[in-house]
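K.L.:
Residue numbers (this note's numbering), protein chains in the order written: chain V, 1 to 583; chain C, 1 to 339; chain H, 1 to 337.
Derived by calculation from the structure, the hints in this document are not laboratory data. Heads up, the beta-carbon is just placed ideally off N, CA and C, and yes, glycines get one too. Where hints are given, some of them may not hold.
Heads up, incomplete: computed chain C residues facing chain H, CB under 8 angstroms, no partners named [unchecked claim]:
1) Ala-153
2) Leu-172
3) Leu-222
4) Pro-223
5) Asp-269
6) Arg-317
7) Leu-321
8) Asp-332
Stretch by stretch, here's where chain H covers chain C in the computed footprint (C-beta under 8 angstroms, at least three residues) [claimed, not checked]:
9) 157-170
10) 226-232
11) 252-265
Restraint ranges, calculated between C-beta atoms of paired labels, are given here [what the hints assert, rightly or not]:
12) Ser-20/H to Leu-150/C: 23 to 29 angstroms
13) Ser-20/H to Ser-36/V: 42 to 48 angstroms
14) Ile-162/H to Arg-148/C: 49 to 55 angstroms
15) Val-134/C to Leu-309/H: 38 to 44 angstroms
16) Ser-36/V to Ser-41/C: 30 to 36 angstroms
17) Gly-94/C to Thr-183/V: 33 to 39 angstroms
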Amino acid sequence: MRYHWLVSSLTLLISACSTASPEQAQVAAPIHIRWSTDPIALDPLAFPNQNAVEAAALLHLSLLQNDYQTDSFTACLAEQLPTVQFVGDSVTRLEYHLRPAAKWDDGRPVLATDVDFTLKLMQCPGLPNEMSRTQFSFIRQVLPDPVDPRHFTLVCRGQAVEMINASGDFPILPEAALDAQHTLRALPLAVLQDWPAAKVPLPPVAALVRRYQSADIARTPGNLPGCGPYRLVVWEHNRHVLFSRKATWWADSLHAAPFVLQARPQLLDYLIMPEDAAATIALRRHELDVYPHMSARSFQQLQTSESVRQEFAFYTEPSYDVVVVGFNTSRATLRNKLTRQALSRLLDPAGLLAATQLGQGSLTVGLLPPTNPFYNDSLAALTYAPSQAQALLLKAGWQRQPDGNWQQPGSKEPLALALRYRADDATFATIALQFRAAAAKLGIIVTLVPTEANVLSSALKSGDFDICVRTLKGSPFGLNFSVYFHSKAIGTSNFSRFNQYATDHLLEAIEVESNRLRKRHLLRNFQERIRDEVPLVPLFFLSNRLVTNKQLRHVVTSGLKPGYAVQALMWAQTDSLASGPTP
Amino acid sequence: MLAAWGIASLVFLVSRVLPVSPEQVALIEAEDLSRAVGPASAVQLAASQQAIRQRLGLAAPVFYITRIPGSTNDWQWNGLHNQYHDWLSQVLHGNLGKSYLDGQPVTTLLAHALAYSVPLAGSAAVLATTLALVLALFLASASGGGGRTLVQASLAALQVIPLFLLALTLLLLLANPEMLNLMPESSRSPAPNQLAAIGRWAGRAALPILSLVLAVLPTLTLPLAASLRHELNAAYATTARAKGLPIGRVLRRHLLPNALLPLFTTLTDLLPTLVAGTVVVEVAFSLPGSGRLLAEAAAAHDYPIVVAGVLLLAGVRLLCLIAADMLYFMADPRLRPTT
Amino acid sequence: MNFIWRPLPVAYWLALVWLSVVLATGLLAPWLPLPYPAATPDLLHMAAPPTPPHYLGTDPLGRDVLAGLIAGAQRLVMLSLPAVGLATLVGAATGSAAGFWGNSQLRMPLTLVAGLLAGGYWLAALPARLGITSCLLAIGATSGLLAWKRARVGRSGAGPTIAVPLDSLVLGTTAVLGAIPRLILLVALAAGPPLSSTQLLALLALVAWPETARLVRAHTLRVRVQPFIEAAQASGLPGWRVWLRHALPHACQPLYAFVPLSLAGLIGLENALAFLGIGQGPDSVSWGSLLTTVRQDPTAWWVAAAPGLALLCTLLALQQLAQTPKTPFILRQNRTK
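Okay, chain V solo, but in the shape it has when bound (with noise of 0.2 angstroms):
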């Protein structure tokens, strides 16, 4: 008796919560696309992350942008590629000019002013611009034309060639939404961008950056409209961000538009869910649309059920990033080569690309994908060779002790390392898992650190660690491994502390040469050296899986990150109804 009101109750919330409401038209239809983590914060000057990156493409243009169909930079807000003059041996100058058609939302059009404001907004202290700060400050100068408002150089200081990419990778803003007085024009960016810290900032600039923070752009980025195709609806913190297409975008008027000014999705609806098993069920309920970066077991899975394979259309595209196994090179017992040659020995990379991607995935000698053209495909492939390794130690001088240690003469530590990895990755554990079942069998002591990924990257930097499993992200737009090698970069980005000489003057020079023949001829050379002196192993390269709805066409891959584009995207029925009924 007392429990009819539990099961009326019961009845009736089951009751509610089945009326469904009625489907909409699939044209108007959201894709609904999975990601990980919230955005954060949608500001233009500040990316917390990948998503916020995305967030930022869809709603701001910059001067050139990824082209996902040729995996190369192409011009967007500006008109074409620009035009670079070289001018001494530290100078560049950069010439762009803006697309006539180019405007804001009011109908003002985008000019040089917008350029030269959003690199000085970039400059202003107190705003979360740090990063883009660092990142642009190679930009000295901006020099308009004074007869022509959409032409301007860029004056820029050093001659690397992937300076040219990234002087057109930052959005556009629009000085009229902040700075309407042009308060900011008359102050020559270097100024801004040499004003030491301690000193108080300008009134203009102090002004412009309470006006920023008043308008709260990283919650509301509508307060500083960009000229891009969407706009944002609404924000559901941790929970789904919904942007929407402008009705009149002005890249609609052209009638050439190159792919990164199409934009076909009426409305897109990011989900955030960052468990991937819960994920995958949305998936096969038809709660998710798109679903990128999937781990190669669920990929796999997904795929051995025939309903699902009806249901989904399945994408794998090699990608840029490389699984290595770096060496510590300062410290003492890696100091030798062939020491390292011979730890290098002992990882099976063919196995573990197997046993992590399921066979997704290629191997390579280098850091170079296989795929591309400057690859040095005379060197060996390298394979679990315990005797090979135990030949290399003895040739570096280790001795074998009975207790079955590793000694160098003269000293009494034993040959033990403290291998460090991020510790949520289940393919570097298995990877270290590997090599030090591969290295007990040979009598060297190796011990796990699984590391929190903030501490490991302030361990890599300041070098406290023997050997370390990490993903080197690559980018198809640069072949810069001075990142990685060159002699400067110790304490930041090379992390193996590798310094020699000679590859530095290789560095530089791949750095400036345009030939491509030399260009081949020197990488080749420095691939070889790598190879020889094994600062670390480049194991395999991973791909990026995606599983979309098939009902969604225009699926265009890539190789870079989120690995498809989503502006391309278009739901089968409007297809249809844009080609005409077919006959």
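Got chain V sorted already, so can you dock chains C and H onto it with the hints?
P.N.:
Quick look at chains C and H alone, frame taken from chain V:
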């Protein structure tokens, strides 16, 4: 209240001493982005770190007195211009600061997150307590036999299963199109009326509440059942049974008030955990609750949120302790709290 | 007098057998022969179902589940059980002491207290330590002098004593330790160097101790007002003896059901530590860490089944032991002469 302030101060001071600071975390994340600009040099990195530190207010000295670096026991007076003083004066005015990551006021963030967590945790606690009482009475009264062993074994099994495994199993069993698909579709259009809104919330919250209830049930039931069984051997229980009262009545009217004490202790321990410790459930079911907020803030070294969360939790826990003491007194007037 | 042997239930013997198996496995683990070595990933059989030589299958990291079970038993016997034991011991002692003496019953000589505080302050190197330590030592010396004078005159008593607020101390410490959210503790630990086994043991005991203390304190408040305690105090026994021999055994009654729960909670904490990478690397396996690997491949039921069953049986066994009456016989007075 003093203890809450003490704990929050402790967390504040400890957080400033940790080796990896928020500005480093912000810059570490920035290295991973797929953009054309390359990584910064050491000098540039140091400059941007200092700039971030100044913007976030971390450049000032930490406390009124700090140890002079290098010496072991020389302290210097820093005056009122230090981080602790600023934080304290802000807290006393009700301002809990702004998050380091997105600059939003901490009170807004916490309020939003709690609006999700508190109804969830509250309903889970109520359901769990009623179920625990029912099961404990059943366990104490059933004199051996299959039912009792089964319930005991399943409670032990629930204890053993880690929370995330429980949540995952429920998700895979009850929301999977391949198995039972009981969870309703989540629709984004606004609800037609209030009842439908509650119904929709209940449908989405059913699985998380179920996993929370199942997770805390053994902790509440088993000590209570043991306590009841122990009380069954007492003299007054024998008297009651000799009087002819049915066993159920004996348990409910006579034994339960005496055996409730461990339940109060565990319940008051549980409530703060339900508010902030349910990270696993919130991550598994994609709920933007307070547990997840605190966990992510702790991982990203977003100290204003962490310190505010600790303050809140400490306050809740202390209130629960006071409530527990009051409940002891109500249940058993012989227990006077010590002076 | 007659002894009637009460037959112990079958479940009791099963529980005993299981616990001895676990104990034996844990102690003999380094010498047991294994079909596949522990902590070695089998790269060809990742997350493979049970087939020879992996009689219980492999987990998503490639480790053999059987070897993991044995290693987990070793970790349980060497780490978790001692940690639970330590936590229970410390918790029971402090909780019952706090409940028994309250805030005003325990009196200690002023000399001792002053000396301890002085030593603590000096070691902690807090500001102005020279001044404060000398003040405390002066107070201690004066009270010591007074006590010596009283003893010379022949008066009883230990001189000036001070009431130690034991209840507030214990409650405050448990509140502070309990109020620090586990998450904060874990993140703070993640920033430091990896922990050795002894440090891990101490940490687990530190985290588990407050709950036991509060439970025992609550029960002591009830036991303290019982008539037999009054009788013991009236019979002239010293305070500590009443506490130790009479109050403590009864105050520990709720612990019998609580210890298995405490063990489950510690295993949960170990899981969280392993997940964040603080405890020890993946080469030291525990039953809990095997369970956490299921997250990477939810369809690998064998990875959850074996350690889950093992944990379940252990907890059930502990519960069964806790429930069975302590003596296998009951005393019956022989009425008929």
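K.L.:
Determine whether the Cβ-Cβ distance between Ser-36/V and Ser-41/C falls within the hinted range of 30 to 36 angstroms.
P.N.:
holds, 31 angstroms
K.L.:
Is the hint on Arg-317/C kept, meaning its closest Cβ partner in chain H is under 8 angstroms away?
P.N.:
holds, 5 angstroms
K.L.:
Hey, does the Leu-172/C contact hint survive, CB to chain H under 8 angstroms?
P.N.:
Because about 6 angstroms separates Leu-172/C from the closest Cβ in chain H, which is inside the 8 angstroms limit, the hint holds.
K.L.:
Verify the CB-CB distance for Ser-20/H and Ser-36/V against the hinted window 42 to 48 angstroms.
P.N.:
46 angstroms Cβ-Cβ, so the 42 to 48 angstroms window holds.
K.L.:
Using Cβ atoms only, decide whether Pro-223/C comes closer than 8 angstroms to chain H, and label the hint accordingly.
P.N.:
With Cβ-Cβ at 4 angstroms, under 8 angstroms, it holds.
K.L.:
Please count how many residues of the region 252-265 of chain C have a CB within 8 angstroms of a CB from chain H and say whether that reaches 3.
P.N.:
Holds, because 4 residues of the region 252-265 of chain C bring their Cβ atoms closer than 8 angstroms to Cβ atoms of chain H.
K.L.:
Has the hinted range 33 to 39 angstroms been met by the Cβ atoms of Gly-94/C and Thr-183/V?
P.N.:
holds, 35 angstroms
K.L.:
Tell me whether the statement that chain H covers the region 226-232 of chain C is true, taking a Cβ distance below 8 angstroms and needing three residues at minimum.
P.N.:
Since 4 is at least three, the answer is holds.
K.L.:
Okay, Ile-162/H versus Arg-148/C on CB: inside 49 to 55 angstroms?
P.N.:
Distance hint for Ile-162/H, Arg-148/C holds at roughly 52 angstroms.
K.L.:
Do Ser-20/H and Leu-150/C keep their Cβ atoms within the hinted range of 23 to 29 angstroms?
P.N.:
The hint (23 to 29 angstroms, Cβ to Cβ) holds, given that Ser-20/H and Leu-150/C are roughly 26 angstroms apart.
K.L.:
Given Asp-332/C as an interface hint, is the shortest Cβ-Cβ distance to chain H below 8 angstroms?
P.N.:
holds, 7 angstroms
K.L.:
Given a hinted range of 38 to 44 angstroms, is it respected by the beta-carbon distance of Val-134/C and Leu-309/H?
P.N.:
violated, 28 angstroms
Violated hint for the displayed structure: number 15, the only one.
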